[in-house]
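Peer 1: Taken in sequence, the protein lines are chains V and G. So for the first sequence, the working numbering puts the first residue at 1; every next one is plus one. So for the second sequence, the working numbering puts the first residue at 277; every next one is plus one.
Be a bit skeptical, because a hint or two may be false.
Here are the computed lysine-lysine pairs in the DSS-like style, where the Cα-Cα straight-line distance is at most 30 Å [unchecked claim]:
(1) V:202 to G:518
(2) G:616 to G:518
(3) V:103 to G:518
(4) G:283 to V:129
(5) V:22 to V:4
(6) V:84 to G:283
(7) V:184 to V:202
(8) V:77 to G:372
Listing some non-contacts, in silico: residues in chain G with all C-beta distances to chain V over 12 Å [claimed, not checked]:
(9) 441
(10) 640
(11) 719
No lab work stands behind these hints, which were simulated from the structure alone. Predicted, not measured: the structure shown is a model, and the values here were computed from it. Idealized CB from N, CA, C, for every residue including glycine.
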Amino acid sequence: MTNKAALAIAGNAERKAADRVKAIESTEAVSYEIADLDSLAALVVDTKAAASVRRAALHQLLLAQFANPMFSKWRRKFISALVKLMDDPTPEFAEAALGQLVKLKVPAAQTKLLSILRSSDKTPISAAKALQLLRYDVHTDAYPIARELADDPAIDDRTRQAALRLLAADPEAADLFEKLLKSKEEAPEVRRVCAAALNNLKPKAYQKFAQASVLDEHENNAVRAQSLMALATLGDSELLASNEQLTDKVKELRAGAPPAVKKAARLYLEKISDVV
Amino acid sequence: MQTSAEKAFAERVDTARDPTDLIELLREDHVDYAGAAAAGVVRMRGWLYLALARFGLPPAALPYLFEELESGHDAYLVAAAAHALRTVPPDPIHAKFLTAALRNTDGRDQPVSFERFGETTTANAPTSVVGEILSALERLGPMARNMSADLAQLLGADCLLDPESHQRLAELTNSLRDQPAAFCCSWPRGAQPKNSSVVPSASLAAARFEDQDGNMLTFSQLVIGHPTVVAFFYTRCDNPLKCSLTVAKLAQLQRQLQVAGVGEAIGIVVITYDPGYDHPARLRAYATSRGFCPTGSCRVVRAVEGFDVVRRHFSLGVNYAGTIVNRHKLELFVLDRRGKTAAAFERFQWDTAEIVATAQLVLNPPRRRIGQWLVTALGCAASIAVPLFPKCPVCWATYFSLFGALGLGTVPYSPWLRTLLVVAALCNLAIVVWRSVVTRWMLPSAPVVLGTIALLSAQAGIEFPGQLWAGGLLTLVGSTASVSVRRST
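Can you build the whole structure from these sequences, using the hints too?
Peer 2: See below:
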């Protein structure tokens, strides 16, 4: 069956959804012509069509974005379709459209995502998802609101962690990361996100914290394992080897600690063994 | 999302009565952009371009639009710049920047809308980036002839344009095929880039820099003692035509300076706009991955203290939202061995060969040759000698009396000497005029022309009181002024 014939079946609203999906999936993205891409876009934005049909059409379009040599000629229409789709009542499609648009640096997408964060938009997309999508652009306007969300313990973990991940590119958030990382009341997962972010923004400050956390008897094992890993992979071997107290502690951990800490301790000792 | 500051900006732009009120807003470092997110700056500047277009674009706005077309990557701004360019008298230079913009879109066309402030992309947007660029090119007509080869090449890149735009470009290229080449490309009047020379201020001593290896340095340690090329960038810049390209070109510059044998004598300092984020390891990785080797006097640095002083000193065209850059222009400076700005390359893409030539000129400035002074001295002497030459028996009697009084004895009369002196005065005039043309400074020619006329007219019998002294003085002043200016490079 040719692409044209298959897309004619897919576009027939009187056919069963399963048949339409099958027809779409039988098409070859690499050989679409402009008219085929138009047909698929019409299916994607058709809110009356079954979600499975729309999903299959969107999948083929995303495939064509990479596989089809004609796609860049059609790009303008693709963006227009996505702009329409970002207001779709089905979260799945709105999310997919926003994800694509924000990667393509279409300003309307960032505006929409920020509206979602400020609860002024009724698109059924979670704040965590909006924060995740905003991470595609480091020049986003989301840092102030992300800082508010990250520093608020009342916010759900998923949103808070998404906010922290977004802030990992914001030097102004370094102090916040240091504060949360040192607070043992925070969930280990939150602290692990903060550790990665602090290492990104202030590597020296993180190295200092990592050494202290290895020596800390009351430190959480997941955080401690991460600290040891960071020291083993990013630390200055000579500097670390000269810290005898730290070396003794790591040897102790290698002998009797949970597997993740043990493994990190082994790596650490291998790293400094060359220097010693 | 539009902020209240953005809305106030849009209102200010909409209510402006004169385009000159808006020119200041084009500056990247304008206070109105401070604190605005990058997307907000795009909305604000785009709206500003459109407002200027409504007034009729002033020439001073053109460099900003050209820069947008040559190096911009925000679809809305590029489209607004192309749209605005259609409101000024067509000029062949427009084609150069419009073609660059078309090349940069490289299959990344986007729908754009100019209807309302903040509404940059809508599902049914009436136009697109490529559409606006093509409209501006079509308006130029035969004036785009110089770019016809480039446009034909773009047409050949089959994946670039949608069918409608492809058709428009094909028609444009065909229409240019038989057109005679237009004169290209001088800057429109009032739009020329300006150069400035800035001496390092004492406040720069407060700035502390950390290089890619964590070494702490002062501004003096970075640039004093050798000519230095100073450029700005930041690692998080998402415009491949700005920071990434700048550092890659600096790597090329570094190699060219080595080939020219001045790699050790000329330093390259690349300073980040984003000192809070660009720590040493990041600076090193960014530079080396683009071929720039930080070694010796070539460094990639961040200002750990006093970046504001650096920003003021170089009048950097940059602005921030918090600590992140929201907009910047291209800027590169060539400093002399005292740290004084000898040349600035701002806003437009620079050519590495041009920077090498400038840096070499700063390293080895052309010395004023002795022969140059000798020619002037002889020319002046001849001009003065013409009026003093004895022309009648009374003159001779006076000279003999003077020489006698001074005990110099007699001087033999040589009539051919007078002709020789007149020829020498004319030669002096020719040399001064030639130098004026070469140095593009016509002022010294004026007194020498007047002086020579005064002197020669006296020889022809047209005389008035003080004529000879005035003629001699004018010639002397003009000739001296002429040699005081170096030949233009």
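Peer 1: Quick one: which hint numbers does this structure break? Sort them smallest to largest.
Peer 2: Of the numbered hints given earlier, the structure breaks just one, which is hint 9.
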